[in-house]
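Peer 1: I would like the entire structure built from these sequences, with the hints used as guidance.
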Amino acid sequence: MPATSDVVARLSAAVKRYGPLTALDGVDLVLHRGELLAVLGPNGAGKSTSISLLLGLIRPDGGRAELFGRDPQQIDARRRIGVMLQSAMLPITLRVTELLRLVASYYPNPRPLQESAALAGIGDLLQRPYGKLSGGQQRRVQFALALCGRPELVFLDEPTVGMDIDARQKLWAAMRALVAEGCSVVLTTHYLEEAEALAQRVVVMGKGRVLSEGSVDALRAQVPLTRIRCVTDLDAATVANWPQVAVAERDGGRLRISTSAAESVLRRLLDADAALSELEVQRAGLAEAFTELTRDEPAIEQEAA
Amino acid sequence: MNAVSISTASNTPVVTSMPFRRVLGAYVAEARSECLRYMRNPSFMLPILLFPTMFYLLFGIVLSKSEGPDVARYLLVSYGVFGVMSPGLFGFGVSLALERDGGLLTYKRALPMPPGAYLLGKMLMAMLAAAVVILLLLAMGLGLAHVALTVRQASLLVLMGVLGVLPFCALGMLVGTLIKGQGAPGALNLLYLPMSFLSGLWVPLNQLPKALQQLAPVWPSYHLHQLGLAVLGMQHGTASADLLVLLGFTAVFFVIATRRLRRYG
Numbered sequence: 001m002p003a004t005s006d007v008v009a010r011l012s013a014a015v016k017r018y019g020p021l022t023a024l025d026g027v028d029l030v031l032h033r034g035e036l037l038a039v040l041g042p043n044g045a046g047k048s049t050s051i052s053l054l055l056g057l058i059r060p061d062g063g064r065a066e067l068f069g070r071d072p073q074q075i076d077a078r079r080r081i082g083v084m085l086q087s088a089m090l091p092i093t094l095r096v097t098e099l100l101r102l103v104a105s106y107y108p109n110p111r112p113l114q115e116s117a118a119l120a121g122i123g124d125l126l127q128r129p130y131g132k133l134s135g136g137q138q139r140r141v142q143f144a145l146a147l148c149g150r151p152e153l154v155f156l157d158e159p160t161v162g163m164d165i166d167a168r169q170k171l172w173a174a175m176r177a178l179v180a181e182g183c184s185v186v187l188t189t190h191y192l193e194e195a196e197a198l199a200q201r202v203v204v205m206g207k208g209r210v211l212s213e214g215s216v217d218a219l220r221a222q223v224p225l226t227r228i229r230c231v232t233d234l235d236a237a238t239v240a241n242w243p244q245v246a247v248a249e250r251d252g253g254r255l256r257i258s259t260s261a262a263e264s265v266l267r268r269l270l271d272a273d274a275a276l277s278e279l280e281v282q283r284a285g286l287a288e289a290f291t292e293l294t295r296d297e298p299a300i301e302q303e304a305a
Numbered sequence: 001m002n003a004v005s006i007s008t009a010s011n012t013p014v015v016t017s018m019p020f021r022r023v024l025g026a027y028v029a030e031a032r033s034e035c036l037r038y039m040r041n042p043s044f045m046l047p048i049l050l051f052p053t054m055f056y057l058l059f060g061i062v063l064s065k066s067e068g069p070d071v072a073r074y075l076l077v078s079y080g081v082f083g084v085m086s087p088g089l090f091g092f093g094v095s096l097a098l099e100r101d102g103g104l105l106t107y108k109r110a111l112p113m114p115p116g117a118y119l120l121g122k123m124l125m126a127m128l129a130a131a132v133v134i135l136l137l138l139a140m141g142l143g144l145a146h147v148a149l150t151v152r153q154a155s156l157l158v159l160m161g162v163l164g165v166l167p168f169c170a171l172g173m174l175v176g177t178l179i180k181g182q183g184a185p186g187a188l189n190l191l192y193l194p195m196s197f198l199s200g201l202w203v204p205l206n207q208l209p210k211a212l213q214q215l216a217p218v219w220p221s222y223h224l225h226q227l228g229l230a231v232l233g234m235q236h237g238t239a240s241a242d243l244l245v246l247l248g249f250t251a252v253f254f255v256i257a258t259r260r261l262r263r264y265g
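In order, the protein sequences belong to chains F and H.
Counted from 1, the first sequence has number 126 at position 126 by UniProt numbering; the numbering is strictly sequential.
Counted from 1, the second sequence has number 8 at position 8 by UniProt numbering; the numbering is strictly sequential.
Careful: at least some of the hints might be erroneous.
[As the list claims (entries may be wrong)] Here are the simulated lysine-lysine pairs, DSSO-like style, with alpha carbons at most 27 Å apart:
1. F:Lys132 / H:Lys65
2. F:Lys132 / F:Lys170
3. F:Lys132 / H:Lys180
4. H:Lys180 / H:Lys108
These are calculated hints, taken from the structure and not from any lab test.
Peer 2: And the structure:
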């Protein structure tokens, strides 16, 4: 457990209600220095409410939110953060340099303009009006605005939505560069591969609660399933009745099996069908883990009710 | 719990104090970009500049040639007030309504923008636009209609425009906090045009029905009109009362609007 001074942001038992709706129901969240934390969850899980609390946009109804040990509504705390929000329509008639200069003016010790531009890969866009840029280019400019103040902590809310693969890869590289500098990052995303590629720690939220928290590997390990695919004549229903087979189903000429004991199932498969071919064995990914976790939500809801 | 938070605070290196010069610079940068973005936006600037100048050219200069210089002088104030109202109402109201809707206001609140810089920037932008409108009308009045003005009167008229925009900024801001998004321009026109008419900016008040004449002091534009007429020596007496009423309007609208803005964002 790292020392307290290592904590850059924290939610402690945070509760937020909107009328009868409980958006956050006692959320604990800790972010350490130099860490990239991905917050995952379906819509309405409480991701943006958590971010809004940490940014000081709203106040918790219970518990507390802290940035660098202070109230996020104190401007001194926010002078150490950078922000990229999902839906911020920036002034379309301003040029990219003018936007960068404006946002940098809010910070005590901002990066030189060229450095911010280079980090976000927008060196060629500086003189263009913001409104004339494509969606992906605008996202990159917003990313440059998030890091231009030399922040110690950056909030990125769905940063790669609407980006093509190339642009997304570039932004991932830029995020890694930020973390390498010692900057902490909070990333909310719908793309599980993004969390898988970048995050040291993943928090999965659902219905206003933290469902799971840990490394990507630990999260995967919560769903100890392996996928087996092969071409075989064996009957899916028969295989499904084997011990430790979770699912077995036919997919065209192939049989797909999910199991928690890949080795013994494989042995039995190969014994049962000598003609078996095109064998693939794959560990379940974050996607399966995520589906598995959020599938438990109704049960949790019933418990609460 | 307390002990933890205290140790956190003391272990944190204090690199966040911002020199006064940089804080000031942030206010300047905010005001500068607010002015730039609207001056570059023709759909904002053109109506603000064209309507009062075209009306003044038509009704104040071309159509009133036979009626003597006093008409051009009187209408210089009327269309001046008409022209000053719109950067306040629309510059504040429409942009606030759109920026609350489009997430820009939320974004700025999350950033370490110094307090009030957002509103101050919009205010300066509206004052600048108002000054441009008054200067254009003055140039037309002096150059085309040969209205006789002393330097003092002309300067006071510009001052009336630059400060007179403030009650309308506050009113626009209030509307901007009540309406979100695309509905704001329509709502503001419903306020702007009838208010101009009922304050006697288009038709002199004494030609309006008695009831409407008695209603006129309700509108801030009526008082700004009276103030302008006093500046040009066409109205005697109670200018200071009008000034106080305008101050009151501004304060009340502004206080309600900031409270709403703080509460609902």
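Peer 1: Does each hint fit the structure? Answer for all of them.
Peer 2: Going through the hints against the structure:
no., hint, verdict
1, F:Lys132 / H:Lys65, "47 Å, violated"
2, F:Lys132 / F:Lys170, "21 Å, holds"
3, F:Lys132 / H:Lys180, "25 Å, holds"
4, H:Lys180 / H:Lys108, "17 Å, holds"
Of the hints listed earlier, the one the structure fails to meet is number 1.
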